[in-house]
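Novice: One line per chain: the protein sequences are A, B, C and D, in this order. FYI, the numbering used here numbers position 12 of the first sequence as 12, with every residue one higher than the one before it. To get the numbering used here, take the position in the second sequence, counting from 1, and add 247. To get the numbering used here, take the position in the third sequence, counting from 1, and add 494. To get the numbering used here, take the position in the fourth sequence, counting from 1, and add 741.
Calculated pairs, DSS-like style, for lysine-lysine (alpha carbon to alpha carbon, straight line, at most 27 Å):
#: 1; chain 1: C; residue 1: K633; chain 2: A; residue 2: K244
#: 2; chain 1: C; residue 1: K633; chain 2: B; residue 2: K386
#: 3; chain 1: D; residue 1: K880; chain 2: C; residue 2: K633
#: 4; chain 1: C; residue 1: K633; chain 2: A; residue 2: K139
#: 5; chain 1: C; residue 1: K738; chain 2: A; residue 2: K139
#: 6; chain 1: D; residue 1: K924; chain 2: D; residue 2: K880
#: 7; chain 1: D; residue 1: K880; chain 2: A; residue 2: K139
#: 8; chain 1: A; residue 1: K139; chain 2: B; residue 2: K386
#: 9; chain 1: D; residue 1: K880; chain 2: B; residue 2: K386
#: 10; chain 1: C; residue 1: K633; chain 2: C; residue 2: K677
Derived from the structure by calculation, the hints contain no laboratory data.
Number of protein chains: 4
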Amino acid sequence: MSQPGALIIGAGPGISGAFGSALVAAGYRVALAARNLERLRPLATGMGATAFAADASSPASIVQLFSDVDAALGPPEVVLFNPSARMRGELLGIDIELAASAIQSTAVGALVTAQEAARRMLPRGRGSIFFTGATASIKGFASSSVFAMGKFAVRGLAQSLARELAPAGIHVVHFVIDGGVLKDGGTLKDGGARKEAGTLKEGGIEQGERLEGFSPEAIAKSYMAALAQPRGAWSWELELRSFKEPF
Amino acid sequence: MSQPGALIIGAGPGISGAFGSALVAAGYRVALAARNLERLRPLATGMGATAFAADASSPASIVQLFSDVDAALGPPEVVLFNPSARMRGELLGIDIELAASAIQSTAVGALVTAQEAARRMLPRGRGSIFFTGATASIKGFASSSVFAMGKFAVRGLAQSLARELAPAGIHVVHFVIDGGVLKDGGTLKDGGARKEAGTLKEGGIEQGERLEGFSPEAIAKSYMAALAQPRGAWSWELELRSFKEPF
Amino acid sequence: MSQPGALIIGAGPGISGAFGSALVAAGYRVALAARNLERLRPLATGMGATAFAADASSPASIVQLFSDVDAALGPPEVVLFNPSARMRGELLGIDIELAASAIQSTAVGALVTAQEAARRMLPRGRGSIFFTGATASIKGFASSSVFAMGKFAVRGLAQSLARELAPAGIHVVHFVIDGGVLKDGGTLKDGGARKEAGTLKEGGIEQGERLEGFSPEAIAKSYMAALAQPRGAWSWELELRSFKEPF
Amino acid sequence: MSQPGALIIGAGPGISGAFGSALVAAGYRVALAARNLERLRPLATGMGATAFAADASSPASIVQLFSDVDAALGPPEVVLFNPSARMRGELLGIDIELAASAIQSTAVGALVTAQEAARRMLPRGRGSIFFTGATASIKGFASSSVFAMGKFAVRGLAQSLARELAPAGIHVVHFVIDGGVLKDGGTLKDGGARKEAGTLKEGGIEQGERLEGFSPEAIAKSYMAALAQPRGAWSWELELRSFKEPF
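Given these sequences and hints, build the entire structure.
Specialist: Structure below.
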C-alpha cells in the first residue's frame with residue numbers, strides 16, 4: 001500500500017481521537033493504541049482505524065506495539081505520544097512510589113516512543129514525531145509538582161530531539177495544550193474557560209460550534225497543519241488555547 | 248463584494264509577497280503597501296493585488312493607508328505588519344538619533360497598524376492581526392541592541408494584544424522567523440543555513456525545491472495555517488526555522 | 495578620592511532611594527538624578543548623596559548629566575536606569591503621540607544611559623549597568639500594551655548588552671520587579687500582595703518588618719548582591735517578588 | 742545549639758564544597774552527603790563539616806539521611822540538592838534502562854529531598870531548598886535528551902515548589918549553572934570558557950584569581966546571596982555564567 005501510516009499512543013475520544021479522524025480523512029492508515037483494547041475498539045472502528053493494546057508505562061509494551069504496527073500497517077510516518085499521568089496534591093502528601101511511577105510512565109514512555117519512531121524514520125529521512133503537552137509543560141503550578149516534572153521532562157526531550165533529528169528530516173513537535181479540553185459532545189456555552197471545563201454537559205452540537213470551543217477537533221486542525229509544514233519552515237513547539245482562555 | 252480583504256504593510260518580494268500570493272489564491276482581495284510605489288507595483292500586479300504607498304514610520308501615513316484601503320477594497324479582515332528597521336553595531340558607535348527613529352518606526356508603526364486594524368475588526372467581532380518577528384524578537388544579540396529593542400517591543404505589543412483582543416474574536420499572531428530567508432529565485436544547495444543565506448545565487452528552481460529551504464513560500468504556508476486556526480484553538484506565537492537551521 | 499562613584503537615574507524614594515542608601519553605606523559616592531531637583535534634594539541630602547537634575551526622556555539631558563557627574567564625582571562605576579513611563583488603557587483609546595513619547599523615553603533613555611555608562615567603563619574594563627524592569631518586561635498584559643512595549647524593549651537592550659559587554663568586564667543586569675512595591679513608611683500587614691499595594695497606609699514600622707514586605711529595602715539587597723557577584727559567576731537577569739506574591 | 746543546620750546532598754569538591762565552606766564560615770553546622778563516604782570524609786573534615794553516606798538514587802536512603810542528620814545536627818534550615826546523572830548520546834543508542842534510572846535518580850531524588858526538607862521546615866515557617874541546575878535545565882541539546890529530561894523535570898519541580906512553599910515562608914531556588922565549572926586548583930588562563938574547562942591544569946592560584954573564572958567559589962557567593970535574600974524580595978531562579986561565557 002502506498003498510504004502512509006500513523007500511530008497514536010494513548011488514544012481516546014479527545015485530541016488523539018480527533019487527530020486520528022483527521023489523519024484517516026487525509027488518507028493515512030491509522031493505528032490507535034491504548035491500555036484498554038475493549039474501550040478503544042469502538043472508537044477505532046468508528047473512524048476507520050485499527051486498535052492495538054499497549055501500556056505506555058512499559059517500555060517493552062511500546063517496543064512490541066511498534067512491531068505489531070509494522071506488521072499490520074507498515075512503519076508509521078507519523079507518531080503521536082499523547083498520554084500523561086496526572087497527579088495532584090501538596091508536597092507532603094505525595095506518595096513517592098506513585099510519583100516515581102507517574103514520572104516514569106510519562107517521561108520514559110515518551111522516550112521509548114521517540115526511539116522506536118526514529119528507528120523507523122531515520123533510514124527514510126522523513127517522518128513526524130508529536131508530543132501532546134499541557135500548561136504544566138511550561139509552568140509548574142503549586143500542588144502539581146509531580147505532573148509538572150513529567151511534562152517538563154517530555155518538553156526537554158522534545159526540544160533535544162527537535163535539534164537532533166531535524167537535520168535528518170524528522171519533524172519533532174511539542175504541543176502545549178493550554179486549558180481544559182471539551183469532552184465529546186460537550187455544549188459550548190462556556191467553551192474554553194478552564195474552570196467550567198469540568199462541568200460541561202452533554203448536548204447535541206454542530207461541528208461548527210465545536211470549533212468555537214477548546215475542542216479536540218479545533219486542536220486537531222493545528223496538529224494537521226504542523227504535519228503539513230514544509231521542512232523549509234518548521235515549528236518545534238505550538239501553544240494552543242481557546243480565544244476565551246486567559247493566559 | 249463578499250471577498251474578504253487583506254492588507255500587508257511593508258510588502259516586498261519576501262515573506263509578505265509569498266503570503267500575499269497565498270491570500271489571493273485563497274480568494275482574498277489583497278492590498279500591498281510599501282514606501283516605494285514604483286518598485287511595489289510590478290509585484291502587486293504580478294499576483295493580482297493592489298499596491299498602495301505608505302510609510303510605516305509615519306503614524307499619519309498608516310492611518311491614511313487604512314482609509315485608502317477601506318475605500319478601495321473595504322476594511323481588511325487580515326492585516327500583516329511586516330517591516331522592521333534593522334541596525335547593527337556596537338554600543339559606542341550607535342547614532343542615538345538613528346536608533347530612536349529605528350525603534351520608533353518599528354514599534355510605533357506596529358502599534359498604529361494594530362490600532363487601525365482593531366478599529367475595523369472589533370465591531371465585526373473577527374479578524375487577524377499578524378506581526379513578522381525575527382530571532383532578535385526573543386534573543387538580544389551582541390552588537391544588535393537597537394534591532395533587539397524594536398523587535399522585543401513588537402513582541403510585547405503582540406502578546407498584550409493577543410490577551411486583550413482574543414476574547415473579542417480577534418486573532419493576534421507573532422511569527423518568529425528564526426534564520427535568514429531565501430531570496431527570490433535563490434538556489435537551495437545551502438538553503439536555510441543562516442550564514443550562506445546572504446550568498447545564495449540566482450537560479451531557476453522548482454516550487455517543490457523552494458519549500459525545502461527557508462523560503463518565503465515555506466513560511467507563508469504557516470501564515471495561512473495560522474489564519475485557518477478555528478478560534479477554539481489559537482496560537483499567539485509561532486517560531487519557524489528551516490530543518491537545517493541550528494538553534 | 496578612591497571611593498567609587500554611582501549614578502542613579504530616575505531616582506525617588508522607592509527602589510532607587512533604597513539602593514542609593516545601600517551604596518552610600520557601602521562607601522560609594524552617589525549621584526541621584528531626577529527631573530524635579532527640588533523634590534529630589536531632601537532625599538539626596540538625607541542619604542548623603544548629591545542631587546542632579548536630568549530628564550530621562552531627553553538624550554541630550556542624559557549626556558549632560560554624565561558630564562556633570564564626571565566633574566563632581568568622577569565617572570561612575572555603577573549606573574542604574576530606573577524610570578519608566580507607565581501608560582494603561584485599551585488599544586483603541588491609546589493616544590499615539592503620548593504612546594510614542596512613552597516608548598521613546600523608556601527605551602531611548604535606557605539606550606543613551608547605557609552608552610554613556612559604557613563609554614566610561616570600557617576603558618577601565620569594569621563597571622555595572624543596571625536596569626529596573628517590571629512584570630511587564632516579560633509578560634504583556636491586556637490593556638497595557640504601551641507599557642509592555644517600553645519594558646520589553648529595555649529587556650532586549652539589556653540582554654544584548656549583557657552579551658556584548660560581559661567579555662569586556664562590564665556587568666549588565668536587568669531586574670524584573672514582579673509586584674507592587676511598598677511605599678515609604680507603608681505598613682506591612684498585606685505586604686507584597688499586588689492588589690493591596692496601592693492602599694497601604696502610613697505607619698511607623700521597623701526595618702526588620704520592612705524586609706518582610708516587597709519593600710525598596712528588601713529589593714535593594716539583591717541589587718547590592720548583584721553588584722558583589724564576582725565576574726566568574728554573573729547573572730544577567732534577576733526576578734524578584736515577595737514571598738506572598740502569586741506568579 | 743543555636744547554630745542553624747545545613748545539608749548538602751551530592752557533595753563533592755565543586756559547587757557543593759564551596760557552598761559548604763561558605764556556610765561553615767557563616768556559622769552553619771554543615772552536613773555533607775555522598776555515596777562514597779571514604780572520598781567525602783577528607784573534604785568534610787577539611788571544612789569543618791560532618792560527612793554522611795547517602796545514595797541520591799534511593800528514596801529510602803534519602804529519608805534515612807534526613808533522620809541521621811536530625812539526630813546529629815538537628816533539622817536543617819538549608820538543603821541543597823546537587824547531584825545529577827549526566828548521560829550523553831544520540832537517540833538510537835540510548836539504553837532505555839540506564840536512561841530510566843538516570844531520570845529517576847535525578848528527578849525522584851530531588852522530589853524526595855524536597856519532601857523531607859519541607860517536612861522539617863513547614864512547621865517552623867522558614868527554610869531554604871536549593872537545586873543545582875545546568876544549561877540543560879532550560880535548553881535541550883541534541884544528543885543530550887536524557888540529561889535534559891532529568892534537568893527539565895527538576896526545574897518543573899522547583900518552580901512548582903517555589904509557588905507552593907513561598908507563602909509558607911520557605912524559599913525554593915533553582916540555580917542554572919551555565920557553563921563548565923573550574924576544577925579544584927585549576928588555572929584560570931581560560932577560566933569560564935566552556936571548551937577549555939575540561940583541560941584546565943593544576944596550579945597554585947590565589948582566591949582572587951579563582952573568582953575570575955567560573956569557579957565553585959564564585960558560584961557559591963550567589964548561593965549565599967540567595968540565602969540572604971529577605972523574604973520580601975525573593976528570586977526563585979538564578980542563572981549564573983562566567984563573564985567570558987557566550988550565551
